[in-house]
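All chains should be modelled from the sequences, with the hints used to inform the complete structure.
Each chain, letter by letter, is given below.
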Amino acid sequence: MTEAAFLEIQGLTRRHGGRAALDGVSLSVPAGQFVALVGPSGSGKTTLLKSINCLVEPDDGIVRIDGRDVRDQPAAALRHGIGYVIQSIGLFPHMNVAENINIVPRLSGSDEDRAAELLDLVALPPEMAGRYPRELSGGQQQRVGVARALAARPRLMLMDEPFGALDPVTRDALGRAYRALHERLGLTTLMVTHDIAEALLLADRIVVLIDGRVRADAAPAEIVSNADPEVRAMIDVPRRQAERLAAL
Amino acid sequence: MSPALSEALADLPELVRAHLLVSGAAVAIGVAVGLPLAIWASANRMVRTPILGLAGLIQTVPALALLALFYPMLLILGQASGLAIPALGFLPALVALSLYALLPIVRNGIAALQGVDPAVLEAADGIGMTRRQRLTLVELPLGAPVILAGIRTAAVWTIGAATLATTVGQPSLGNLIFSGLQTENWVRVLVGCAAAAALALGADGLLALVESGLKRRSRPRILGGLAALAAALALAFAPLSGQAAGGETVVIGAKNFSEQYILASAIERRLRAAGYRTERRDNLGSTIAYQALAAGDVDVYVDYGGTLWTNILQRTDIPPPEQMRAQLTAQLRARDGVLVLGALGFENAYALAMRRARAQALGIATLDDLTRAAPNLVFGADLEFLSRPEWRSVQSRYRLAFAGQRSYSPTFMYRAVADGSADVITAFSSDGRIAALDLVTLADPRRALPSYDALLLVSPAHAGDARFTAALRPLVGAIPVERMRQANLMVDRDADKRTPAEAARWLDPDGR
Chain A
1 MTEAAFLEIQ GLTRRHGGRA ALDGVSLSVP AGQFVALVGP SGSGKTTLLK
51 SINCLVEPDD GIVRIDGRDV RDQPAAALRH GIGYVIQSIG LFPHMNVAEN
101 INIVPRLSGS DEDRAAELLD LVALPPEMAG RYPRELSGGQ QQRVGVARAL
151 AARPRLMLMD EPFGALDPVT RDALGRAYRA LHERLGLTTL MVTHDIAEAL
201 LLADRIVVLI DGRVRADAAP AEIVSNADPE VRAMIDVPRR QAERLAAL
Chain B
1001 MSPALSEALA DLPELVRAHL LVSGAAVAIG VAVGLPLAIW ASANRMVRTP
1051 ILGLAGLIQT VPALALLALF YPMLLILGQA SGLAIPALGF LPALVALSLY
1101 ALLPIVRNGI AALQGVDPAV LEAADGIGMT RRQRLTLVEL PLGAPVILAG
1151 IRTAAVWTIG AATLATTVGQ PSLGNLIFSG LQTENWVRVL VGCAAAAALA
1201 LGADGLLALV ESGLKRRSRP RILGGLAALA AALALAFAPL SGQAAGGETV
1251 VIGAKNFSEQ YILASAIERR LRAAGYRTER RDNLGSTIAY QALAAGDVDV
1301 YVDYGGTLWT NILQRTDIPP PEQMRAQLTA QLRARDGVLV LGALGFENAY
1351 ALAMRRARAQ ALGIATLDDL TRAAPNLVFG ADLEFLSRPE WRSVQSRYRL
1401 AFAGQRSYSP TFMYRAVADG SADVITAFSS DGRIAALDLV TLADPRRALP
1451 SYDALLLVSP AHAGDARFTA ALRPLVGAIP VERMRQANLM VDRDADKRTP
1501 AEAARWLDPD GR
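In the order they appear, the protein sequences are chains A and B. In terms of my numbering, the numbers along the first sequence are unbroken and rise by one, the last being 248. In terms of my numbering, the numbers along the second sequence are unbroken and rise by one, the last being 1512.
If you're looking for bench data, these hints aren't it; they were derived computationally from the structure. Don't be surprised by glycine CBs; every beta carbon is placed ideally from N, CA and C. Among these hints, one or two may not hold up.
As the list claims (entries may be wrong) - Covered by chain A, according to a simulated footprint, are these stretches of chain B (three or more residues, beta-carbon under 8 Å): (1) 1123-1130; (2) 1135-1143.
To be verified - Here are a few chain A residues that face chain B, going by a calculated C-beta distance under 8 Å: (3) N53; (4) L55; (5) Y84; (6) I86; (7) S88; (8) I89; (9) G90; (10) F92; (11) P93; (12) H94; (13) I103; (14) V104; (15) R148.
As the list claims (entries may be wrong) - Here are the simulated SDA-like cross-link-like pairs (lysine to any residue), alpha carbons at most 25 Å apart as the crow flies: (16) B:K1215 - B:R1132; (17) B:K1215 - A:S88; (18) B:K1215 - A:E127; (19) B:K1497 - B:N1256; (20) B:K1215 - A:A98; (21) B:K1215 - A:P133; (22) B:K1215 - A:P93.
Below you can see the structure in the form of structure tokens.
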């Protein structure tokens, strides 16, 4: 590996009762890469993601960002530097859109108003700033969710099925819009998704987790020829669907 | 306007103020303690069950009992710690009512905090909020409507339960209700109930306004509701303007029956005429009244020789009245610093009574005479007399053997002697019905029944206060039993009923 590893994960293990949710996962992600984490339900994708911003405490192993152990600083301070987007969005219902975005700089003591700029970035009109979350569509809410995650100017974005609850058209548009932002802002992104097609089309690299272990790790163009039957079965789904669609 | 109504309305402002003060302070403490408890319990499953259990347990204790329990507890605490902890009045009422307010506040607080959407909490953690920031910026604002609903419940309960604070000497709207019930003055009861209900509805309405403001995020509603509540509490804390004029405030105690209200009113008139500001502590329990006087929570009240003798000095012998009075005077002074200023001139003792005509026909004037005639007579006693030491004492000296013996509640006992179902009854010697039914009380030459002289008692703080004692001394020896009976009858009778204050004016017309 020639690039310097921005995010370094070594031997990460986390047990739930007798079962290992993560079983010695190691991963090295260079700055600027877009990584998709795929795998069946319960394979440890979300646990891996939450171990990075310390929402989950691993039993063993270490996570370093820029060479620094994530547990070396208070969890709150660590998270100020990491964007976090989840499927259920979690906008604060008692705050309007601008307040939802500006709460992030407020936490680190700044009264900077970045709402207009960030709304522009996620392609929402500026008059959205005064609306409350319940007045927005699901797609608009998740755009605000992304804007909020970007408000602290993070270098690393962790996304847990960010577009999973959206309709297919919105989902496709938002996915591509985010990929553009990833390029433009020079982000490093880890995205958990169930949608193999989305992973193949958006990411630079696909990491397949099965039973808490990394079973495959390759660029989209290479992963399609992976020999592991379980990995194959997963990756082949969108391709076979595409063939059946083409035959209609 | 009827005198009963105008008198009740005249008492109202001060009682509403006191009622608001104690219930407002209790709810405030309930919030100040309950909310942190709810926050702690919602974050920690280990403490949640015990805290909810304890708050629920407190709720199952009847409010009246909870209030009564705090009197001895504070008394013991004061003695054990050597601090001057007032056991009567505001403090016990406040503590008991605050505990009572706790349950709805804790329960709703926990429900509010646990009801916050987990996705919102995950997002709050994810963007790097500390526990404290998450609480103040997310959980409390989102839980506010449910928390406030709990505070509303607590406010309504507390305002209702505060009527019971009267029994531990804290003035409240309960003063009107309790004294009204005792003297069967329904106007007074209704005024008290209506005022308590109006306060509860008002507080509930204002809190509902704040709650709807929180739900709709409407600043005017929140601020309007809070401002009105703050104004009401500010009024409660500010002394009434009429009270500002002159003089030191003294506290007059009264137990819970008509005679006590009348005498307290008479004392109040005398003290006001001497330039004192007065407060009343009505409806005190029998032993609470004396302890309150000794502790200085009450400055003056009337108690009865025999009661003090047996209950306070724990004596079982029965000396002649003058001797009992002399010993009480010396011992209460030495023990508690309490001054026995003097006897009012009448007794409120257990006595045996007969209709005058019947007694004269049978030639009965004393209990010795009764011993002879008893085998042909029926005895009607009140419900407790036959199990009291007074009855054992009478039996050991006179050996009364009646043809029949029955127990009645007091009202029916008087009816029984009136219609001839009973020939001899037990009566309180100052009871107005003795005069009304033309009964005679029988003399007790062998001194089986202790003396129950009405004695004017003064607290240690005022025992050496010449101006205070001079104001009250005209009452000493000034109230013969016939006048006290008449005054009691004015309040107790069904027709042409008078208020205790009116009866006091009739009893002591000079006390201006």
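List of violated hint numbers, smallest to largest: none
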